[in-house]
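J.: Hints in hand, dock the two standalone chains.
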Amino acid sequence: MMGLPMMTILIFLPLAAAIVVAAIDRKKTGALYGVGLAGSLAALALAAVVFVRFDPDQAALQFVERMAWIPSAGVSYHIGVDGISLPLVMLTAVIMPLALLSAWGSIAERIKEFVFSMLVLETALLGTFLAADLVLFYVFWEAVLIPMYFIIGLWGGPRRSYAAVKFILYTMTGSALMLVAIITLYLHSGPSLGARTFDLAQLRQLRVAMPLQAWLFGAFALAFAIKVPVWPLHTWLPDAHVEAPTAGSVVLAAVLLKMGTYGFLRFLLPLFPQATLQFAPLLSALAILGIIYGGIVSWAQPDVKRLVAMSSVSHLGLVTLGVFVMTVPAMQGSLLQMVNHGISTGGLFLIVGVLYDRTHSRLLGDYGGVAALMPRLAPLALIVVLSSLALPGTNGFVGEFLILLGTFRANPVYAALATSGVILSAVYLLWMYQRVMQGPVAVKERARMTDLTRREQWLFIPLIALIFWIGVYPSPLLRRSEASVRALVQDVRERGNAAHLASHESRVTSHDR
Amino acid sequence: MTPPAVDLRLLVPELVVTATAVAVMLAGLFLPAGRQHLLRWLAAVGTLAALGTTLTAGADPTPAFAGMYVRDALTRVIQATALLAVLLAQWLSGEYVERTGLEAGEYYALMLVAALGAMLMAASSDLIMLFLGLETLSIPLYVLAAFARTDLRSQEAGLKYFLLGAFGTAFFLYGIALLFGATGSTGYRALAEHARTPAVIFQAGLALLTIGLAFKAAVVPFHFWAPDVYEGAPLPATAYMSVIAKVGAFAAFLRVYVVALAAQAGEWSTLLAAISVLTMIVGNVAALRQTSIKRLLAYSSIAHAGFILTGVVAGTPSGASAVAFYLLAYTFMTLGAFAVVLMLHRRGEEADQIADLTGVAWRAPALGGAMALFMVSLAGLPPTAGFLAKFYVFTAALDAGQIGVVVTGVLTSVVSAYYYLRVAYTMFTGQPHEDVGFAGGRWVTAALVTASAGVVVLGIFPGRVISFVQQVGQAMR
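Protein chains in written order, with the numbering used here: chain A, 204 to 716; chain B, 223 to 699.
Calculated directly from the structure, the hints in this document are not laboratory data. Zero decoy hints are in this set.
In silico contact screen, one side only, chain A against chain B (beta carbon under 7 Å); selected entries:
# : residue
1 : I273
2 : S275
3 : V342
4 : A346
5 : L357
6 : A379
7 : I386
8 : L390
The list that follows gives simulated cross-link-like pairs (lysine to any residue, SDA-like), each with its CA atoms no further than 20 Å apart:
#  : chain 1 : residue 1 : chain 2 : residue 2
9  : A       : K231      : A       : A241
10 : A       : K369      : B       : R644
11 : B       : K382      : B       : F446
12 : A       : K369      : B       : R511
13 : A       : K230      : B       : T651
14 : A       : K231      : B       : A588
15 : A       : K230      : B       : G581
16 : A       : K369      : B       : V507
17 : A       : K230      : B       : P587
18 : A       : K647      : A       : A574
19 : B       : K382      : B       : I433
20 : A       : K230      : B       : A588
21 : A       : K231      : B       : P587
22 : A       : K231      : B       : R585
23 : A       : K231      : B       : A586
24 : A       : K230      : B       : A586
25 : A       : K647      : A       : Y636
26 : A       : K647      : A       : L567
All residues carry an ideal CB built from backbone N, CA and C; glycine is no exception.
Here chain B stands alone, though its shape is the one from the complex (with noise of 0.2 Å):
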């Protein structure tokens, strides 16, 4: 027996992220405390390197490490992704991780380590190299939820994130362990040769294996820590999380269903879609009746995950694509309304509450209005990001003759245009509270413009990033 080649160039975007991250933590233990700011640079700089040798790398199915690892268009698509999503994140968390004194080092670096995990998820091409990017998607995440060490909501937050998620982890790995028991392999490949002949062992791993999936997720029923922690986890934590782990969790809902399982679509779709329609019904419903801000949005990343199921639930190429784009999306909304947040304080604390936005649109007009731009996105109203990325999902989804979950999609739609519109108007009427004041500082400012001119190219000129998430279809097909 060879030892499987290594072929290291492939892992390039890989490499380079891990390196920064070790850069980076070495780095912030080094630096005096009036430098640590030069860490953000540091950080800015390695993603961005990693993005430019992401999008360079070739997209030609070229698989590695005896068949554990593939880099081809989905791993190219849904790593750029990940990495505009911590590069965003990065900027989102400047002013904050200095005034409330986190350490900055480890801050950059558990948030690099998690766009890694997120990363391999999206390349792996066996359930162990899955298991492996889940593990170091999550467990940093675990971390970041509990950085705030002196504040004891952060705390909780950390310690039930750990324990639920611990949990999922528990039902993906025993899933990967009937599934070997099953087919005698972890690859993907012998997945989809053993579909045809399932036995109960095979169906009950692939039942584990999505619950597994479906907690990180954050998809209903497996949905309840999500509020929890979104709301205990210091805010741009919060935000980089509620992007990450969706990223990295649909990457593998990609892979296991839309290409290993892609033949037995017709058993496996009506069991997501049937999830799917839930989890819509559930986060929009729950998000009707919420008061912070945070809460708010850990709801709407749960509709969201919803909706961004419905392009799985294809289980087409189109499908595919459909979801690449939405994740997309989906980062440049999500986080941008986060932004927003993160622009003000109230007292010095996070402005966590939806009241704390009262009328603030009347003393920064650019920043109600963006703020509008982002709720408008993500109700899914055109001409937006928000309304394209639902239009393909949707699209996807009715192709496949998913009607029902089609039809709840939008009409769940208009239920979330309810919570979301009234986040807008909140900012736009009333009087301002005395407490609120601005936090915001260049670094914050650059994720916002980002964000809401992702938005915008993203709703109103897609031309160009639909050809680019179009090479996920195109090469499944």
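The following block holds chain A by itself, in its conformation from the complex (with noise of 0.2 Å):
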């Protein structure tokens, strides 16, 4: 280990850009830009050097540091990178230049407002991926919420500000009871672990009691689900998805949604593993009914904005379900599906941005034939749909075989079903792409239908090209996953499962009696 505290530093790097950014004159559009970019570069060679130094063979966090923070509360800034993290702060440091690059030109605005938004969202993704202490978790987390906010309010479409409002309150319900549920378990580590304390390590240890232990699930899974977000609690998501400025959308869909399916896996199961085992048929029933749902309303979309907005309801469902049929290759696939919907869904946003500044229109009606108008985008454009479709080669198909193949050993009816999901969700994708792309051309302004700027194909580049390498060789990414998720998989199933033996035999011998 070097003795910089490199997680800090990659925390609040792009925080110290949007410092920088707050100094600079508002005309200067280029060093905005310049900074902002530099800022998340700097944060992606980092984690590149994380990702690089990571003990594949580890469990636990590494990188850990650790000190004390509101010490008479028993809040500690202890943070650590392990299996399940990595992925996730990886996407963030992926997705936040190449989000920050599709505004250059795009958004020309208030574009220092825009930047400092965007690199303090940075470092709050970052953080809440990084904490392992809940408040500090919670602090992250909630922070997260407030540049979103004015991102969509300030740079977003018509609706804007009731988008904007909609995603913060629905959000935040969610968050509230969490705090509640974070507050009692605070409370209730007193007693058995000796001193009250909010670290996740030592809170792992505690086992709650069972009618208390399910309403903790619950105010935690209400939060979680309420961001991922899974059926019936998806409704705030078209809206900010399509209000949101391709950026925001990009953001959005890339990396706050993992925000939630990451609280599962990094929460949720390892807190609660009893009231997990408990609840999971239930959370995997809506995981597929979001699955389903999703992509009949994919489907039935005039707007290809919200197409691919209600596209990621299904697609995280499938994660969702993949995370909570508890075996080790399916939350292996979920983590990969994570990282992979990130670069299609986001790739899918960023063609949809791309489209929207050309013509100004979001309707499936105005296109067609853009394939003859924009042939440099027409290909790219076709590698992420197949992505997002799941193609073999692309990172989609080793995720998604993943989740099923593990899915189908828990229970092959929800196999079956989730792959349903599978193949609308190539109806949809494949149907849009026709009429965007192909046909005769029917796009009004022709004129304005430029192809691809130098500066819009950088933002492809780099996700085709993490496509295809997810796509063929998965193994870096899973191989650095394994160790945590098969160790997580494993503590849920053991204490779950004794926990409800224990309780079971209580229950016996108070009968015999």
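T.: Structure below.
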């Protein structure tokens, strides 16, 4: 280990860049975006170093930093990375520079505030994925809302104000109850752990008795399920995604939604193993409903941005299912699919953004034959679409295959139902591609449909590279997540069942008496 | 019978404040019009001196005046908060007082006397002392509300506040009378002893006392005066009364309930819990539809009274510490929000409509950023003082088993995010009004910077402040 606090630097590098941005003259557009990009690229470079130096055989947190923050309340600044958070940290670090680059040229007003918000958002996101203390996590988790609220509300579409408020009220409602649950856990940790604490590693050893555990599980699950979003809590999503500016939609879909699924893995499962096993069928059923519902609704969308937004409900349903069937391959697949969805849906939103910048229309009916006008966009878009529908050879296939494989082992019926979602996604995505790209040219103002600029090409090149890299050679990612996932599945199964057996036994003995 | 020992050394902070008030008022009479700005310096120096003596005074419980007065950790922390509030409020008022031609000497003197009242309430260990403090706090505030003598709205606000405040005081005094009848004494110690065998008369007295305090703290259902008074009073006076009245009232809540009647928590906590729930709901819901920033902040102050009350409901030492922390956080964020509004004017008048803030952030980004910070903090979002304040009171209340109160608290916080963020959003969107201009100066800027720093430091590096306010809890153990 180096002496440097790597993780702290990683988290706060974007914030430092944001402070620099705040000091730059607002007329210097290039400098504003330049500093923003440099900050996020520096974070990416640091994340890459962490990725390379990460020890794949270790299940526990690595690069741990820990110091007291509010000692009297048992709150510590405890951060670190393991196989579960590493993929999401990498995803965040990759997506943020792309999102900033996509805004360059597309967002021309109030650039300073925009870049500032994006960088603050990146710090909050990285903090969310790296925190190992419940209060620290909550602070970062909620801090994400504020820049996102402004990004949607200030640079969004016509109904931006409504969408921003809906987004923040929905997510805050969920997390408000989670705060109550976090404090309750803290209060319960005193008697059995010696001292009250918010530290995740210590709270994992806590055995909360059953009706209470179910309530706490419910509060955490609600917060995360709203964020994912799990059907039927998804209604904030289409508004927020559609109204947000392209860069906002990209970050929202690619990274913010993963906060929910990450929350399942990081907090819900290890803290409440017994309740997890008890409620896993319910959440799996909701996930499957989401897969099918999201697919059908996407199919029916006349608005291409809404289509992509609703497809997230379907895709993240699959990720959620992979979490709750509780097998190692499914969970690893889920984790990989979180990254994949970030890459492919991020890419889809970028495509929508590129088109929207030219025509200012999001309706499928306004497009047609774009491939002829934008020959450079067409193949790139096709690859992104195919990755999103999980064609073998692309990243999506590896993730979905692992999830379905793991699900099949646990419950073949779930797997069969979930597969229908895979088929649906092929239907609506290919249909979308066909309506937009192929056929006779139906765009009203052909002159505006210029092909991709060099900057725009650079948006897609890293994504395409990642699509094929993960599609062909996923083992660097899978190997790094395996130990942590295996440990988690084992832990939940053992403690969940042991607690279950214990309560069963006590019931039997009391019956005998 | 020997006369009680008078130890004036314990009273140094109060004496410094009183002396400053007198000095400011007299100097105001004699200084020529062009030199009136010197009063600000005088008031600021006096307040800082009082703050210094408060912080350096001992925290060991030391009673004085035959048990009427006590200087302990609670006294110290609450007095420091009150002095901070009056200091910031003086800075806030600086340019406003000059611009609108208010009598600066009287104005600052009244502010200081109100702070003295809150300080005495914090130090009370006897109901008579509490009453004296309450009146010393209230009467200057009535005058301050009516201080803009040529403004009818201000006159109305002052009269309304006075009538309803006097009404509240009558309840309070009647409560004291009944308690005296029940216990034969006005000391808190006697309250605690007799509370074990409560008679109807004792409970009735306590209920009336609570109503009186609830009036001052603007707690539902005794909050009706607040929006009208806040709206009519001159803006810096509104800012000040929204903070100092809370500091005083909650100091009294802590003294009476958490210190004196700690053993009977089971009996009164249900009643206070109900009031707290009601206050959080009514305050936050009523704030949703306000168009005037003064009225919005009035309902916000009602809502925050509900949040602070959850810490009292806990009835534990940690609850008391949480209340003290909340009061400090509330002081910074509320005065900060008022400072932003005071930086603006609409054709020389107060820019007191939310619509006046439209697009201001694009002309003054720092102002917009500061307002966003205060609104985020008032909504209780991290990483700000407002979040940790709520976190502490809710932790204390949950620890005392008040789950219903806490769930109401977090859910109404979500509601509050709607109207607070709308204010911040307004600042960043749309075209600024031509009528709206900037009225800031050095003093109000200083207040704004201090308040912002307070909100950020309390939210991110709260360690030292928390160990300071925790003296309150430790002293009670």
